[in-house]
Each structure stands twice: as C-alpha cells, then as structure tokens.
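Chains D and V are the protein sequences, given in the same order.
Letter by letter, the first sequence follows residues 0 to 334 in numbering that gives the first Met the number 0.
Letter by letter, the second sequence follows residues 0 to 514 in numbering that gives the first Met the number 0.
Please note that a few of the clues may not be correct.
Beyond 12 Å from chain D on every Cβ pair, some chain V residues (computed) [said to hold, decoys possible]:
1) T26
2) I128
3) Q176
4) A197
5) L198
6) R292
7) I317
8) A325
9) A336
10) D478
11) A506
Derived list of chain D stretches under chain V, where covered just means 3 residues or more per stretch with a C-beta under 8 Å from a C-beta of chain V [stated by the list, open to error]:
12) 156-167
13) 263-271
These are computed hints drawn from the structure, not numbers from a lab.
Model, not experiment: these values are computed from the prediction.
Glycine included, each C-beta is placed from N, C-alpha and C at the ideal position.
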Amino acid sequence: MSTQSVPRPDEARRVPDRLRSPLGRLLKSWEVLLLLVAVAIFVANSFASPYFLDAWNLSDATFNFTEKAMIAFAMALLIISGEIDLSVAAIIALASTAMGAAAQAGIGPAGLVAIGLVCGLACGAFNGALVTGLGLPSIVVTIGTMSLFRGISYIVLGDQAYRGYPPGFAWFGQGYVWWVISVEFVLFAVFAVLFAILLHKTNFGRAVYAIGNNPVGALFSGIRVARVKFILFLLTGLMSGVAAICLTSRLGSTRPSIAFGWELEVVTMVVLGGVNILGGSGSIPGVVIATFVMGLVTFGLGLLNVPGIVMSIFIGLLLIGVIALPRLWAMARRE
Amino acid sequence: MLMQNAAATDTRPRTAPAPVVALDAITKTFPGVTALSDVSLELHPGEVTALVGENGAGKSTVVKILTGIYRPDHGTIRVNGAPVQFAAAQDASRAGITAIHQETVLFDELTVAENIFIGHAPRTRAGLINTRRMRTRARALLDSIDAEIDVGVRLRDLGIASKHLVAIARALSIDAQVVIMDEPTAALSHKEIQELYALVERLKAQGKAILFISHKFDEIFRIADRYTVFRDGRFVGAGPMAEVTEDALVRMMVGRSVETIFPARARKPGEIVLQVEGYSHPTEFEDISFSLREGEILGFYGLVGAGRSEVMQALFGITRPSRGTARIGGTAATIRAPAQAIRAGIVYVPEDRGTQGAIRGLPIFQNVTLPSLRRTSRHGFLKLAEEFRLAREYTGRLDLRAAALDQALGNLSGGNQQKVVIAKWLATRPRVIILDEPTKGIDIGSKAAVHEFMAELAAEGLAVIMISSEIPEILGMADRAIVMREGRIAAEVAGGDLSPEILVRHAAGITQDAQ
Chain D
0 MSTQSVPRPD EARRVPDRLR SPLGRLLKSW EVLLLLVAVA IFVANSFASP
50 YFLDAWNLSD ATFNFTEKAM IAFAMALLII SGEIDLSVAA IIALASTAMG
100 AAAQAGIGPA GLVAIGLVCG LACGAFNGAL VTGLGLPSIV VTIGTMSLFR
150 GISYIVLGDQ AYRGYPPGFA WFGQGYVWWV ISVEFVLFAV FAVLFAILLH
200 KTNFGRAVYA IGNNPVGALF SGIRVARVKF ILFLLTGLMS GVAAICLTSR
250 LGSTRPSIAF GWELEVVTMV VLGGVNILGG SGSIPGVVIA TFVMGLVTFG
300 LGLLNVPGIV MSIFIGLLLI GVIALPRLWA MARRE
Chain V
0 MLMQNAAATD TRPRTAPAPV VALDAITKTF PGVTALSDVS LELHPGEVTA
50 LVGENGAGKS TVVKILTGIY RPDHGTIRVN GAPVQFAAAQ DASRAGITAI
100 HQETVLFDEL TVAENIFIGH APRTRAGLIN TRRMRTRARA LLDSIDAEID
150 VGVRLRDLGI ASKHLVAIAR ALSIDAQVVI MDEPTAALSH KEIQELYALV
200 ERLKAQGKAI LFISHKFDEI FRIADRYTVF RDGRFVGAGP MAEVTEDALV
250 RMMVGRSVET IFPARARKPG EIVLQVEGYS HPTEFEDISF SLREGEILGF
300 YGLVGAGRSE VMQALFGITR PSRGTARIGG TAATIRAPAQ AIRAGIVYVP
350 EDRGTQGAIR GLPIFQNVTL PSLRRTSRHG FLKLAEEFRL AREYTGRLDL
400 RAAALDQALG NLSGGNQQKV VIAKWLATRP RVIILDEPTK GIDIGSKAAV
450 HEFMAELAAE GLAVIMISSE IPEILGMADR AIVMREGRIA AEVAGGDLSP
500 EILVRHAAGI TQDAQ
C-alpha cells in the first residue's frame, strides 16, 4: 500500500451506540403523552359519575374495546408496513355468518371456532393475494372486499338472523376467567403481548418497519417484501376471525349488519396509538393505551347517558386533538 | 488540524459589486449534529461562486437555508443589503432565489409549460390558468436558453438533461436574481455539460448571481469566478478563483493534502468465484458471459444506459434473466430474489442510494444489520447487543461520522450514508460485492477512502465488481475491465492493456479500422 495514501483521520473517533438513554427517550415518547391522557380521562370519569369506579362496571367497559383492539394489533403492523385493510368489519360479518350457518347444522363450539378462524384466514389470504400478487393498492382492494364480504353475508341472511348457538359457545364472549376478569379481556391481554413481541422483538417485526420506511430499499436488503405483506394480511384476517368469534358469542346472534363501521374505529385506535398512517413507525404499547383511552371515553360518556351519535363526535374530536397536540406544542415553543 | 490561511480567508471585496445575497454568521443545528457553525457566504451579481467542501461539510444545509426550507438558529440572511427572514420556500422564491437541485424537484405528470409556471401561472380574467399564454411564454423562455423542448409534453417523457433545462427555464420564469446549481452536471453527458457551461455564461451576462456546487475540480476552475470552502460545517476560506490553485483548494477542503488518489495494489487473483454464462434479458441485455476471481477488481465501463446496472441487478435477483446461468464457487445458483443472492454470497451496493440503498427512517445500526438479521438474532428474536456489536465493527472500519448509531440514517450526509450502505453489505460477509458507481457524487476525501477500502477488501480475497463511468477510476482500480455497449459486452480488456482510448472506443462503438 502506498505510503502517501489518505490518512485515516483520528483513529480514536468512535461513534457511541445511543444518543439518549432509553429512559430519556421513553419519557419524551408518544406513549407517555397518551398515558397521561388516559389517566386524565379516568380521573374525570370517576368524578363525573359515582358508578364509574365499580369493579363490575369497569369490567363491562372493557367489552367496548377488546374485540376491536384485537384487530387493531394486527392492523397496526399492517399500517406500519404501509398497507391497510378496510375489510376487517366485513370479515367479521362473513365469519359470523359462516359460524351461524354451521351452528344451524349442529356443529359444536370447537368446530365453530375453527370455522371462524379459517374464514378470517381465507379472507385475509384473498386480500393479501390481490395486493401482493397483482400489486394492487390495498386501500382500493379492501374497500372492494369490504362490500364483497358483507354482501355475501346479506345474500345469505337477508333480513333474517342466526340464533341458537350451542351453550358452550357463549364462554368466549360472556365467560369470566376469574372474578371480574373476562375471557375476552384475557385474550386481549395475551394478543397484546404476542403482537408486541412480534413487532418489537423479532426479525419479522424489523422487516415490517423496514418495508414501511422504504419498500424498495427493503427489497434490495434481501427482505421478502411480498411474503411479509401477505403474512400481515393473513394475520389481520385471522384476528378479524377471532373478533368474530368473541362478538358472535357475546351477542348470541348474527345479523349481516354485525360490527358495521368497525373498520374506521379500528383504524382510529391504531392512529391514536401513534402509528404513522403513512407507514414506518408506531408501537403496540401505544395502540394498547389508545384502546383504553377510547374505551374509557365511550364508557364514561355512556354512564352520563350521552347518546351514541354524540359519542362519535367526541371520539372524532379526541383523535384530532391528540394528534394535533404535539404539533401545537412544537409551534408554541418556536414562537 | 484547523488551518489558518490568511490569504484564503480574506473576503474583502476587491472589484466585485455588492453582493445580492449574503449569509452572515449562520449557525444551524440538528439533534446531535451541528450542520453549520458560524458560516458566511456572499453571492455577487454576474458572478459564479463555487461552494466547495467534502460530503457533510454543510453545502446542502446552506442551500436549504438559502431556499427557505430550513431556518437558521443564528445569523442573518441579507438580500440586497437588507436583512430578511424566510418563513417558507415561497419567501425565498419571492426574494428571487431559486435552486436547481441534485435530484431536481419537478413534476413528472405535468407538462413542460406547467412545470415552468407552477405556482405563478398567467391567469385569465376569470382567475383560471391562461394555458395559451403560459405555453407561449414557456416557449420563449426555453428559446432564450436554446432548448429545443416541446412545451406540451409531459416531463416524464424527457431525459435528465432536458429536465435540467426545464428547471433552469423555471428559474428564469420567476426572474431569479440568484440561481443555485447543486451538482448540475452529475447526470449529464459530456456534450450536455458543454451546453450547461454556455448557459451559465448566458445567465452571468444577464447579471444573475450563481452558486455552483460541484465535486469536479475541472468544472469549478472552468466556470467559477470565486470560491467559498466549507469543512465540517465551518467556513474555511473564500476568494477569487484566479488566486487559488487546485492543490490549495484541496488542502482547504480536507485539511490535509491528497497526494495519491488510487492505492497501489498487489494483484494476485485466486480461484474463480463467479462464472456467468449467456445471461440475457428480453429488453435490457444479451448474452453476457464473464468470470470473476477471488481478490480481483473487475471494472464495468460503458455509457449510461449500456445495461451494466441491469446485468448486476439480475445477478442480485431483482430482475430475472430470460436465460443464462450463474455459478458461484463452482455450483450453479438459481437467484430469484435478493435474499437468495445474499445467501449465495453476492451483494449489490446500488447506484441509487436514496431509494434502493438507504432506509433513511431507520437508525444506522438497523440499516447495517438488516440483511444480516439471521446472524444477529436467535430463533428469529432480535438481540440488540449483537446488532450494535456488528454495526460498531463495520461502521468503525469505514470511519463513519455520526452522533450515535441509533440516529436515523437520513440525518447523515450523503457520503456517510454511503458508508453505512457499504458497511451493511460487508457485514453479510459476502464472496462477491458489486459496487454500482460507488463514488458518484461524493467528495475527494470520501472517494479516496472508498478506493482504499476497495483495495483492502480485494486484498482480503473478496471478489469485487465495480461499475464506473469514470475512466480514471477504472484505470486506477480495476485489474481487468469489461466494456458494455447497448446491452452487450463490447470488449474485455486485460489490466495491462487498459487505456482511456480503448475504453472510450469500445464504449462508443468506434472500430479499430475507422480510426
């Protein structure tokens, strides 16, 4: 090697691993801001209504969000990867209809669960194949399948409803594991942990972030982009199936209008949880807190006898407010 | 290391008229990084000022401050002597400052005329866009710079050189006093560069002040009247071009002298690692065959569009060849996806760093480990400590400059991003590394570092393919060169026979007899 080549300047220079400590980063995070909002709503609720701080009432309140939240976990991954699935509520309708038809034919609880899950997976696979196989935009594909899946449900049921689910089936939506802790709440907690591990602790989760940030760069880095996206659609379909089982079990009946409009509430939870709607960033803890925030708000307003339509106005304002807050804060500081 | 060069730092105006735009003691910081520290810059009417500095010296930040995209933390911007503040990009454009960027920001789906007049299109009395007048005026502007471009075509149907001309016409349309040209020649052919020079002369004659950013010294000496040098975000010197030598400028830029650009190498290629036979693609390339040995640097030369990148991307599994075989270490390899190429030991450092190489939103260490996650994890679960260890090891080898490894990659300068991209691929411990224009658009200092590093890699037994459009780079680095033309191999030239004439002749398709 030539002696007069460029000297490596400053051999001692070393780039540190981290700029800020993990704790310092946490304290400035979206999740902490959201947690403060949740606590504020909790305190406000307990002052607003004497019935709020009742263990059974609080337990009932969790049903406001557990089913939607389970879908929101999978949706969070999908949105972080830069895709979206607007057909989740329609998948619930289709899966619930399939389970209802099976229950009519005398199939037991285990069989119904299997049918709900398989139906969810099949719908997810259909969405995933259209998006990754044909390269169609997911927002268009899933608006289409939203009508398609629910349409099938309407054709099968018309203005009828399936009732008469086997007695054991009620356990999923109406059972309790211990005292006030419902089966649904346990499922919610278990899936929260599973999805948090999947997104934050595995190679798969890292690939999801990479794809959401730069799909071409991810492909050039050896990530199987289409495969990862397909799996995410499968997972979202599967979780819609799980939600369908819980909801059908809880209601004890299936109408084609079941879970109508839920897709937007699920997306709202995800965005409120700090997931960038354009993909690339977000976390499961954020989504978990967001589900509590939405659950607490709807429950608190319910105790105050606020009608449902006003409630949706509240949720809308909450979403805009929480998202605008950091912006406003930054603008105020710059002045 | 800081040089105090009294002659060079003398900024007293001599014969120059008062500056149109002056930056005075500007400081700009980002989280963890001081991009600019107390820098000054003056632009004079009718003159070309070259802004010189290595990657990361703060050139792009200055451009963004001048065009109102960033606001400085401290310091003043003066336009015609009066201090101004740019709250947004429109303010800068209203003050007559316009920029033609490295990746020119224009709108592919709009027509040429619409691009030129976007934001200030002539209106009809009803407030709608007056298309006829817009077209006539666009035509006149393009005529004034001798550009023969149809104003009605969509921009996406134009070549890069024509897009530049449209950008310049746009600059003229807002009656700019100051035109910033950020690496305007990076993607242009020799002829187009000559035309650009002529255009710059015309703008000068019209009294425009031009800020010219380039890494190419011949260009700077050819076209600039004055220079300003930045290093690591600081002002180092400024003055008339007539009073500076190339050597002095390089010393100011890097704070040291760069004597030998290409490292000397012991050339002793080993076993054949890669054997490509009859690789073809329906549209891009035809019948490509070559072999590559351990420790060898194989240059790929050719004109832009000769199909070199396309061949390499097929080898890397991005596109599929219609026929042909690749053997790696003697065994036939079917490569249908980058993941398979990486496992087989072939990696590709793309030319288009922004979209293909770097994942800017992710931290540096996650960029480095992305293709190596199998190794830094256990049963699919991440191990952060392992990731940081791997990232530290490889970014250290490349002398990365960053605030921390968990900083987003997008916060780094272009040269440092390139180092991270190269580190990412080395961390996979490949057998063959393909570098596509590895030093394009990076400064002399980083260039030398990349060259030296390539030599080191080859000495360690790695087989290197280097696509380059720079003849000195091929001559200085390659053991052997393949020249491509119109999707085919035009010639394979052994190291001893390499000369600029041979490369150019084969690339352009000039036969021996015609000479």
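Problem set entry | 12 Å Cβ clearance of T26 of chain V from chain D | holds (16 Å)
Exercise. Is the Cβ of A325 of chain V farther than 12 Å from every Cβ of chain D?
Worked result: Per Cβ check, A325 of chain V is outside 12 Å of chain D; nearest 17 Å; holds.
Exercise. Against chain D, does A506 of chain V keep a CB gap of more than 12 Å to every residue?
Worked result: Non-interface label stands for A506 of chain V: nearest chain D Cβ at 27 Å, farther than 12 Å.
Exercise. Does the claim that Q176 of chain V lies outside the interface with chain D hold up, using a Cβ gap greater than 12 Å?
Worked result: Given that every Cβ of chain D is farther than 12 Å from that of Q176 of chain V, nearest at about 29 Å, it holds.
Exercise. Taking the minimum C-beta separation from A336 of chain V to chain D, is that value above 12 Å?
Worked result: violated (6 Å)
For this session: Given that the segment 263-271 of chain D was listed as covered by chain V, double-check it with a C-beta distance under 8 Å for 3 or more residues.
Result: violated (count 0)
For this session: Could you check that no beta carbon of chain D comes within 12 Å of the beta carbon of I317 of chain V?
Result: Label violated. Min Cβ-Cβ 7 Å, cutoff 12 Å.
Exercise. So is I128 of chain V really clear of chain D, every C-beta pair being over 12 Å apart?
Worked result: At about 30 Å from chain D, I128 of chain V clears the 12 Å cut-off, so the statement holds.
Exercise. Is the Cβ of R292 of chain V more than 12 Å away from each Cβ in chain D?
Worked result: holds (21 Å)
Exercise. Can the segment 156-167 of chain D be counted as covered by chain V under the rule of three residues or more with Cβ-Cβ separation shorter than 8 Å?
Worked result: violated (count 0)
Problem set entry | 12 Å Cβ clearance of A197 of chain V from chain D | holds (36 Å)
Problem set entry | Check on L198 of chain V being off the interface with chain D, judged by Cβ distance over 12 Å | holds (33 Å)
The structure shown violates the earlier hints numbered 7, 9, 12, 13.
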